[in-house]
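Visitor: Residue-level listing of the chains:
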Amino acid sequence: MIFHPRIRHLASKGPVFIGQGPILSTFLSLSRNIEGFQFPATASANILESVAELTLAAMHHEDVHGLLPSMFQIKHELLTTSDRDLLVERELMDRSQTDIAACRVFVCAEDGSTSVLLNGDDHIWLHMTAPGSAFRETWDRMSELESALARHLRFAFHPRYGYLTGAPALAGTGLRITFLVHLPALGLSGRRKRILERLDDAGLTAAPYFPVDGKAAGNLFLISNRTTLGEREEDLGLRMTEIVTAISHEEERTRADLISRQKLLFLNACGRAYGLLRNTYLIPTSEALDALSIMKLGADSGVFRDFTRQDWAELLLECQPAHLCCRMNMALSPMERGKYRAERFRERLHGPEAAAETGTEPEP
Amino acid sequence: MMLCQICKANPATIHIQEIVNGETNTLHICPECAKKRNLAEGGANSHFHEMLERLTQAIANSAELKLAGLFEPAKPQEEEDQDLQCEICGASWHAYKKNGKVGCAACYDQFSQLLLEDIELNQHGSVHCGKTPPETVEQWQDPAVSERIGLRRELERLRKGLDESVRREEFELAAEIRDKIASIEAELKSAELIPDESAPETPAKKTRARGRRKNP
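For the record, the sequence lines run as chains A and B. Note that my numbering gives residue 352 to position 352 of the first sequence, counting from 1, and the numbers run on in steps of one. Adding 1000 to a residue's 1-based position in the second sequence gives its number in my numbering.
Only chain A is shown next, with the shape it has when bound in the complex (with noise of 0.2 Å):
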C-alpha cells in the first residue's frame, strides 16, 4: 500500500482550481511561532514534540476544534513519498516542507479546504485554498483561525518586526498570498513576460507552477507577495486582488481580441489539442498541460459545449503522477504513466458510452 488511506480518501474530493476565467484558485498560508521555543530548524526533537503536543491540544479546544471541520492529524514520517506528492498536487503541502524531519504533524480538514503543517519551516503553517479569486473570504476564515488559536497559545511577536518567523523574509504578517491564474493568450501575444515582471515593483512575484524547462508548462502562474512587513494583511490581500483582477481582465480583451481577429486559427488549436487528448495513447505531463490550457481557453469561450470548468480542473489534477498513482493504486514509471494518463484523457473525452461527441465538436 503506497497510499495512507486518510490520504487518498482526499484524492476523491473535487478539485480546487476551478475558478472562473483566468484567475483559478487562492492560496493563503500564515506562519506561526509559539513564544519561548526555538524555531524548528535549530530546535531539539524534544521542543519540537512540546511544540506539536502543546499546539495540538490548543486545536482540540472547541474553539479551534469547530474551525476545523473533521480535521485528522497524521505524523509526518507516516506519509510515504507519494502521499506528500499527492498533497502537493492539491495545494495542501508546500513542495519546500515535504522532507521527513522531526515531529512533523499535517494536520487536515477531512473537505481538503484546510491544512496545518507542525514543525515545518516554522512551529505552525496554517494554509487555506479557496476556488476563484476569494481573498477576502478566505482571510476571513484564516483569520479567525489563527485568533482561536492565539486564544491559547502564545505567538512569538516583536513591535517592531510583528510576528517572528524563521525567515525573516516572512516576519511581520507571516503571511503569503498566492493566486493560481491562467494566461495563455498573453503568451501567445508575448506580453506576459513584460507583464508579470513589472510585478516586482509592486512587492510581487510570479513563478511557473509547472516548470519546465524554466517554462510555464499549461501557462498556469503563480503570483505571491513577496513582503510581510509594513502592510495590513487586508491592505495587501486586496491591493494584490486588484493587481491580480487587472492582469486578469487583460488576458480575457487578449483572448477576445485573438478570437475575434483569428477565429478560424483559435478554433483550430482548440480542435487539436482535443483531438490529442482524446485520440492519445501516450501522453508525458508537460504536453498534457499544454494541451489541456488550450482546451481551457476553449471551454472559458465557450467552444466546448459538453467540456465545463470543474471537468477541466478533475483532469488537470487527474493527470498529475502522484493521482495517478493513487488511482491506479502502486507506484508507476513514467512510461507507465503517460499510459494510464492518457487512458484516462480518452475515458472522459470519449464519455462512457462515447456519447456526447456531436456536443464537444467545436462550433464552426
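Since the hints were made in silico from the structure, they are not lab data. Careful, some of the hints might be misleading.
[What the hints assert, rightly or not] What the simulated footprint calls covered on chain A by chain B, stretch by stretch (three residues with Cβ under 8 Å from a Cβ of chain B suffice, anywhere in the stretch; the number is not a length):
{"hint": "1", "region": "49-58"}
{"hint": "2", "region": "144-153"}
{"hint": "3", "region": "165-172"}
{"hint": "4", "region": "215-229"}
Beta carbons: idealized from backbone N, C-alpha and C, even for Gly.
Following the hints, position chain B against chain A.
Guide: Chain B only, in chain A's frame:
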C-alpha cells in the same frame, strides 16, 4: 518601502555601497537627492575616476594578485560576520546569509543591526502593521501537558549532564543520570502524542487515545 536617507520623503531607489578602509557604508537615497549630491560634490564621476585609476594602475602593474587585491576589502567584513552568534540558540549570522533562516526569536534582537538593513531593503516597510496578538492569552493550562513539557526540558538538561559527566569520567554519576533519562523517556513514551495509525480510524477513537476531546 525604504525612504531616502537625505530628504526622508521620497522612496529610496538608489543604494550606494562605499568601502572605506575595509568598512562598508551603505547609503539609500532617492534619484533627486542623488542628483543634488553629485552636483554639490562637483560631478558625479569623482568616484568613478578614482576607481578607474586604481584599476588601470593594477593592470599597469600587471600582477593578478594586485587585481585580486581590489576585491579584498570585502573579506574582513565576512569574517567579522561569521563571528556573530545568537547567545540563545547558537545560530550564526553567516548561516542566515546562506539559507535565509534564523534560529529563534532572540536572533531578531541579537542580529538586529544587520537584519534591519536586509529587511528594509526587501520589505514594504520597516515596522509591522497588521494583526497583533491578543492582550490576554490563556497559556495552555492542562497540567498533564505542562508536566510533559517540563519532563522534556528536564530530559534535555539531563542529556547535557550525561555528556558532561562522561567527559569528566564520572561514571557513577553518568549511570545515575542514564537511569533517570530512561525512566523519563519511558514516561513520555506512554503518553505518545499521536498513536501510529496504519488503518483508517474514526476521529473519536483517535482523540480518545489522546484523552482530550472536549466536544462530541
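Visitor: It remains to establish, for every hint, whether it holds in the given structure.
Guide: The hints, checked one at a time:
1. 49-58: holds (count 8)
2. 144-153: With 6 residues closer than 8 Å to chain B, the region 144-153 of chain A meets the three-residue bar; holds.
3. 165-172: holds (count 6)
4. 215-229: holds (count 4)
In the structure shown, no violation is registered for any of the earlier numbered hints.
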